[in-house]
Amino acid sequence: MSGKPPSPRQDPYAKYGGYDNVQRIYRECIESTKPVPSGNRGVLKPKLKGFHHLDIAYSKMVTATPALILDWLYETYDRVRDQINQWAMDLFPRYPKIWGPKEKDSVIVGRTTYASREDLGTPLHHMRVEIWARTWWLSWRRLAKGFSDHDGNFRLKYDLRTARSVAVRKIRAEVSQKYYRYSKTGQLSPCYCIALAIPIPKSDLVGMQYNLRDIQIDIWSYRPDSPIPRVKIDDLQDEAPEKYVEGRDDAITDQFIPVELIKLRHVVQLRAHPDSLTIDQIQRDYPPNLTTCLEKRLPGYTRSDMFFGERMMNGMHALTFQPFANAQTKRKAEHYQDVDPDHLYHVVNWGYQGYDHNDIYAFPTTEMVFEIQPGDFVPRPLSITFTGALSAFDRDPYQERTFFPTDGKKWMQAKRVARCVGGLISEVDDHFARTHVNVEQYAIAAFRNLRLNPIASLLLPHLKEVSLVDHTADRLLISQEFGYLPRASALTEKGLHQRVRDTLGMLNWKDYEPMRVVNDHHHYAKAETLFWKITEQYIEEFMGENAAGIRMHWAEIYRMSQDLVTHSVPDFNHHHHLHGLEGHDKEVKARCMSYFEHRFEHKTHTHREHHDGECRALSPITRQANFADLDDQAKTEDWENLKELCCYAIHHATFLHSWVNEHQHDDIGEVLYCSLGIRFGEHPDGVLRPESDHKIALDPLRATQMLWWSNLLSRTEYGAITKNPDGDVNPRFGELLQEHAEEFERYGISVDNIESRTNI
Amino acid sequence: MSHTEHSTLIRETMADWIRNAWDYSLMWVTCKVFGLAVAIFASLMIKRRMSHDNGIAATGTVRILDNPNIPLHRFFLPDRTFPCRIRHATATFLDDAVKGIRSMSIKFSDHHLESPFDLQMNTGEKSLFWSAASFLQFARMRKQQYGVQYREYYRKYPDGLDGAIEAIRENPKSFSDLRYYAKTPFRFVGEDFIPRYAKYRVIPGEPKTEETGKLKNPDPREIPNQRVAAHNPRGRNYLKYEYRDRVKKGPVHYLLQIQLRNAATDDKPEIFNNMLPWNEDLYPWHDLAEIEITETLNWNESCRTTFSLTHMPESLGIIPARSIFDYNSLNYMRAQSAVAHKARLLNYRLFGYPPEIPDNDNRNWSDWEKPPRILNRTYLVQKKN
Ligand SMILES: [Fe+2]
Chain A
1 MSGKPPSPRQ DPYAKYGGYD NVQRIYRECI ESTKPVPSGN RGVLKPKLKG
51 FHHLDIAYSK MVTATPALIL DWLYETYDRV RDQINQWAMD LFPRYPKIWG
101 PKEKDSVIVG RTTYASREDL GTPLHHMRVE IWARTWWLSW RRLAKGFSDH
151 DGNFRLKYDL RTARSVAVRK IRAEVSQKYY RYSKTGQLSP CYCIALAIPI
201 PKSDLVGMQY NLRDIQIDIW SYRPDSPIPR VKIDDLQDEA PEKYVEGRDD
251 AITDQFIPVE LIKLRHVVQL RAHPDSLTID QIQRDYPPNL TTCLEKRLPG
301 YTRSDMFFGE RMMNGMHALT FQPFANAQTK RKAEHYQDVD PDHLYHVVNW
351 GYQGYDHNDI YAFPTTEMVF EIQPGDFVPR PLSITFTGAL SAFDRDPYQE
401 RTFFPTDGKK WMQAKRVARC VGGLISEVDD HFARTHVNVE QYAIAAFRNL
451 RLNPIASLLL PHLKEVSLVD HTADRLLISQ EFGYLPRASA LTEKGLHQRV
501 RDTLGMLNWK DYEPMRVVND HHHYAKAETL FWKITEQYIE EFMGENAAGI
551 RMHWAEIYRM SQDLVTHSVP DFNHHHHLHG LEGHDKEVKA RCMSYFEHRF
601 EHKTHTHREH HDGECRALSP ITRQANFADL DDQAKTEDWE NLKELCCYAI
651 HHATFLHSWV NEHQHDDIGE VLYCSLGIRF GEHPDGVLRP ESDHKIALDP
701 LRATQMLWWS NLLSRTEYGA ITKNPDGDVN PRFGELLQEH AEEFERYGIS
751 VDNIESRTNI
Chain B
1 MSHTEHSTLI RETMADWIRN AWDYSLMWVT CKVFGLAVAI FASLMIKRRM
51 SHDNGIAATG TVRILDNPNI PLHRFFLPDR TFPCRIRHAT ATFLDDAVKG
101 IRSMSIKFSD HHLESPFDLQ MNTGEKSLFW SAASFLQFAR MRKQQYGVQY
151 REYYRKYPDG LDGAIEAIRE NPKSFSDLRY YAKTPFRFVG EDFIPRYAKY
201 RVIPGEPKTE ETGKLKNPDP REIPNQRVAA HNPRGRNYLK YEYRDRVKKG
251 PVHYLLQIQL RNAATDDKPE IFNNMLPWNE DLYPWHDLAE IEITETLNWN
301 ESCRTTFSLT HMPESLGIIP ARSIFDYNSL NYMRAQSAVA HKARLLNYRL
351 FGYPPEIPDN DNRNWSDWEK PPRILNRTYL VQKKN
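Chains as they are written, first to last, in full-length UniProt numbering: chain A, 1 to 760; chain B, 1 to 385.
FYI, nobody ran anything at the bench for these hints, they're computed from the structure. Do not take every clue at face value.
[Claimed, not checked] Facing chain A, from chain B, some residues (calculated, C-beta under 8 Å):
1. Trp130
2. Gln137
3. Pro277
4. Asn300
5. Ile319
6. Arg322
7. Phe325
[Claimed, not checked] Once the Cα atoms are required to be at most 16 Å apart in a straight line, the calculated EDC-like pairs of lysine to aspartate or glutamate come out as:
8. A:Lys104 x B:Glu270
9. B:Lys173 x B:Asp118
10. A:Lys145 x A:Asp78
11. B:Lys268 x A:Asp105
12. A:Lys157 x B:Glu270
13. B:Lys268 x A:Asp285
[Unchecked claim] Computed beta-carbon distance windows for the label pairs:
14. B:Leu282 x A:Glu103: 14 to 24 Å
15. A:Asn626 x B:Phe193: 52 to 62 Å
16. A:Lys104 x B:His6: 53 to 63 Å
17. B:Thr212 x A:Gly613: 49 to 59 Å
18. B:Lys32 x A:Ile194: 39 to 49 Å
19. B:Pro284 x A:Lys104: 28 to 38 Å
20. A:Lys104 x B:Glu280: 54 to 64 Å
C-beta: ideal position from N, C-alpha, C; glycine also.
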């Protein structure tokens with residue numbers, strides 16, 4: 001956390017008992033607000049029906065005693081059934097032996113394809129296909145095994161006499177996806193998950209070739225109705241291409257029920273008596289967070305400039321600071337005469353201009369200027385400029401107002417608005433768009449294509465479950481009808497979609513670099529750089545060890561690259577986005593682009609490809625399906641590309657997501673400190689009002705929902721890389737992180753909290 | 001050999017013996033039951049053959065050639081001449097204009113049944129089925145409707161589909177320009193007592209005659225559709241009429257050819273597979289006999305003329321089969337049809353012959369127009385001119 005005083009002029013920590021005292025209390029508050037698993041599961045304890053049954057109003061919970069008993073009975077039945085299945089598997093194991101003589105006389109042929117309308121006839125390559133016979137006494141006999149080829153075709157040789165043996169009762173073909181798992185000793189072993197089983201009438205097998213024709217498998221399709229690459233999930237329960245691991249749902253049940261019950265009580269009470277709860281009461285009902293804890297022990301500190309600078313640099317916001325000299329701004333260095341111009345930094349948080357929004361909440365574009373001195377110093381805010389409406393009385397979207405620390409109360413209020421704008425931007429641009437939807441596009445391309453290539457074992461553990469959680473987020477967070485953001489912030493569902501699309505248009509795996517470290521106190525950037533370097537080392541080692549396999553199945557990489565490029569959104573920075581715009585509109589659009597460009601350090605000159613007449617946001621990895629066909633230069637380049645892409649995808653799914661997700665509770669866990677929306681209220685000053693004016697704060701229903709939300713995101717984590725509960729992450733990654741645990745600790749990160757995937 | 005190895009060997013031999021006995025019994029029962037079912041439900045009740053009802057028979061002579069490339073066989077002695085009958089037919093449909101398989105059968109005698117040597121052949125170098133089990137599937141999955149058949153069969157068995165593409169002839173000009181193959185091999189033990197296998201085929205007397213009716217750019221999905229194409233002017237009997245007219249003008253010649261290979265104990269079963277033609281470079285076709293056809297027979301005689309695989313000298317007979325999956329089981333099953341032949345001939349005697357196929361617009365028909373009952377002696381069809 002906080003560094004030394006921001007300037008030698010005066011010690012601002014003095015009134016909080018000095019820097020060391022603040023630091024001690026800060027650490028204690030971090031510790032005391034960590035989640036404690038409730039863990040008290042019992043027959044008559046309330047139950048959550050899984051993550052995707054959560055709702056901002058009434059989540060599906062079982063609370064009534066008869067229902068709980070029925071639920072327990074059902075679960076018991078489920079457990080018994082699973083146990084019986086397990087016994088059946090133990091009793092009738094499936095041995096790997098292939099029955100029949102060595103020379104097989106007959107063949108089963110067919111082709112694996114996608115099932116969805118949009119992918120009709122598209123081959124599903126490298127699926128595992130097996131033919132199993134079951135005898136009258138229920139034992140299994142494997143007749144044939146193999147993989148579908150690059151075009152989805154398979155030819156499995158089997159022995160006709162064995163298949164038609166009187167002992168055999170039934171025959172079936174099983175198509176499975178290949179996954180990988182690591183044993184405790186670090187041994188990698190493949191495992192298979194059956195995607196489809198088709199019965200084959202025994203009497204149909206009469207020798208020569210038997211054609212199973214196109215086997216359509218409904219997995220990993222792109223959503224046809226979305227302009228951004230998303231996974232098609234018709235029904236999360238039954239028709240999703242993947243499922244949460246059991247531990248994920250258990251973690252939610254263990255950790256989240258108390259919070260869910262608080263929100264449920266509030267919602268019910270507010271529906272019946274809207275005036276019966278105040279913001280303070282609501283806040284008190286939830287477990288304390290970092291800011292409430294600090295505020296209790298160091299009153300005023302959380303609203304101070306030091307804490308503001310600290311959180312903007314190393315909190316959920318984790319801003320990208322631009323040296324003032326390079327910034328495109330109307331502000332001049334002369335405005336900050338007592339500050340060395342080299343220490344001036346500039347940040348823009350783009351607001352509602354250009355995005356569909358409502359007229360309840362303010363979301364002005366916020367420009368902030370900071371002094372950041374070299375060394376272990378927190379940024380000192382020097383000015384905050386808002387562009388856009390700040391009150392319900394004047395809705396001019398281009399009006400500008402600037403506030404300085406000398407503005408007294410108004411400065412305090414401006415900082416709150418800046419926190420709220422930053423909060424929404426972190427939630428939408430950084431969290432949802434950058435780490436959820438962005439990772440999902442890598443997940444879908446990887447899951448569609450990586451099967452036999454060793455890269456599958458490297459990437460897939462980090463890309464699983466993101467499509468599921470994004471599907472839930474569509475309803476819980478984004479939807480105009482059910483979602484939280486369109487009700488509790490300025491952006492509508494349409495605006496959110498526009499924003500996510502623009503963000504994706506600025507993100508690319510190629511030429512990505514971790515955030516530049518501004519000074520010694522820039523813990524976020526230092527941690528990100530450290531994590532990036534560790535990931536690079538891990539991938540370097542992995543790809544070195546598995547080079548032959550990766551080259552052998554290069555076609556999977558090529559197809560993944562094609563899927564990535566052709567489905568990615570158009571590059572937002574491309575000049576044609578400005579084409580046809582004139583005057584003010586053009587200026588606004590250009591400024592908006594410049595915000596994204598700086599926020600995500602977009603590299604304009606990175607090579608990208610055109611598809612369907614538009615330049616795409618993502619660069620291709622390789623242009624050849626066969627590694628040997630690449631010339632020497634391309635071999636080196638494409639190999640590096642693959643490394644870079646893996647590093648980017650893992651980095652985003654793990655570190656970046658964990659960071660923004662985990663800090664939600666710290667930064668949006670106190671309604672009056674920072675919320676995702678701040679209402680215009682009824683006063684001519686609009687949002688520039690003291691915290692005591694609850695008309696500008698969230699209304700009590702949204703307030704309880706926001707606290708619920710921040711608890712949900714930051715307090716129900718599962719699946720740390722170092723803990724590896726599902727055994728699918730290469731233990732080497734955890735080891736490398738552990739080796740640097742101390743350094744991470746210095747930046748306020750416990751390596752055991754870095755999750756292996758984006759799953760909440 | 002140790003004691004355990006010895007007992008394992010005994011156990012395995014016993015198990016193999018039981019399996020073989022089971023396989024053979026199953027084949028025996030299946031083929032007998034099938035033959036009997038055809039005899040009762042097709043031949044005796046509705047006077048039908050298995051498939052080739054629509055045909056024309058003819059007579060002439062067959063002369064064995066003096067070909068030094070063929071090992072001497074006491075039946076195929078050079079210059080030996082037999083009276084002969086042949087029968088050309090279109091399979092399964094009572095309409096010559098359908099896209100279908102055409103056949104030729106030969107009998108080395110001028111008798112409707114008795115003969116020392118019969119051969120049954122179809123167009124195409126490959127077949128649509130390859131064993132008794134596969135044939136039963138083929139029969140079960142015919143599901144003919146309005147001239148479309150074997151749709152399900154072709155979808156399940158790509159080799160069957162390939163065979164159909166190979167064997168179907170669309171609008172051939174004449175029966176006499178097609179090539180006919182007896183695809184499953186037979187035994188051939190000549191005077192040198194070296195066991196050999198033989199395949200037979202018949203080609204036109206003038207070998208350079210172009211074969212008409214082969215499918216050009218066939219669409220696999222269209223193969224089940226054997227219907228007479230729209231605007232096809234050919235009538236239901238056009239091939240039979242063409243053949244009758246041709247023979248009237250002068251004798252029609254064919255060449256009977258033979259392909260031979262030595263039998264060995266390590267032969268793979270695949271050599272008996274009628275879906276896999278033998279390599280002609282290794283096993284070339286040799287001219288075996290000349291056939292000269294001089295007279296066509298009328299409809300009733302054409303119906304009566306019947307061929308059987310059992311009509312062969314032992315040294316040229318069918319190769320024994322072990323199970324219904326054995327490629328040779330196909331001929332074994334065909335050989336069980338004697339009872340069906342007798343039943344059909346009995347029906348003719350008792351209740352009369354089926355009607356001649358009329359030249360009307362009932363196209364793509366597979367069955368007789370008036371469903372014949374066992375007692376109806378005559379069919380109410382207009383007499384043809
Ligand atoms: Fe998240």
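Hints, one by one, checked against the model:
Annotation: B:Trp130 was flagged as interfacial toward chain A, and the flag holds, the nearest CB pair being 6 Å apart, inside 8 Å. Annotation: interface hint on B:Gln137 holds; nearest CB of chain A at approximately 5 Å, less than 8 Å. At its closest, the beta carbon of B:Pro277 sits 14 Å from a beta carbon of chain A; the interface hint therefore is violated under the 8 Å criterion. For B:Asn300, the suggested interface contact is broken, since its CB lies about 38 Å from the closest CB of chain A, more than 8 Å.
Here the hint on B:Ile319 is broken, as its CB sits about 17 Å from the closest CB of chain A, past 8 Å. The beta carbon of B:Arg322 comes no nearer than 10 Å to any beta carbon in chain A, farther than 8 Å, and the hint placing it at the interface is violated. Nearest Cβ of chain A to the Cβ of B:Phe325: about 5 Å, under the 8 Å cut. The hint holds. A distance of roughly 12 Å separates the Cα atoms of A:Lys104 and B:Glu270; the hinted pair therefore holds under the 16 Å criterion.
A threshold of 16 Å between alpha carbons decides the hint, and for B:Lys173 with B:Asp118 the separation of about 26 Å lies outside it, so the pair is violated. Restraint check for A:Lys145 and A:Asp78: the C-alpha separation of about 31 Å exceeds 16 Å, so the hint is violated. Between B:Lys268 and A:Asp105, the direct Cα distance comes to roughly 10 Å. Compliance with the 16 Å bound is thereby established for this hinted pair. For the proposed pair A:Lys157 and B:Glu270, the alpha carbon gap of about 15 Å is at most 16 Å, so the pair holds.
For the suggested pair B:Lys268 and A:Asp285, the alpha carbons sit about 82 Å apart, so the restraint of at most 16 Å is broken. A beta carbon spacing of about 22 Å between B:Leu282 and A:Glu103 agrees with the range 14 to 24 Å that was offered as a hint. A hinted range of 52 to 62 Å for the beta carbons of A:Asn626 and B:Phe193 is consistent with their spacing of about 57 Å. One distance hint, 53 to 63 Å for the beta-carbon pair A:Lys104 and B:His6, is violated here, with the actual separation near 29 Å.
B:Thr212 and A:Gly613 have their C-beta atoms about 51 Å apart, which keeps the hinted 49 to 59 Å range intact. Taking 39 to 49 Å as the suggested C-beta distance range, the pair B:Lys32 and A:Ile194 conforms, at roughly 43 Å. For the pair B:Pro284 and A:Lys104, the supplied restraint of 28 to 38 Å holds, since their beta-carbon distance comes to about 31 Å. For A:Lys104 and B:Glu280, the hinted distance range of 54 to 64 Å is not satisfied, since their beta carbons lie about 28 Å from each other.
Hint check: violations occur at hints 3, 4, 5, 6, 9, 10, 13, 16 and 20; the rest are consistent with the structure.
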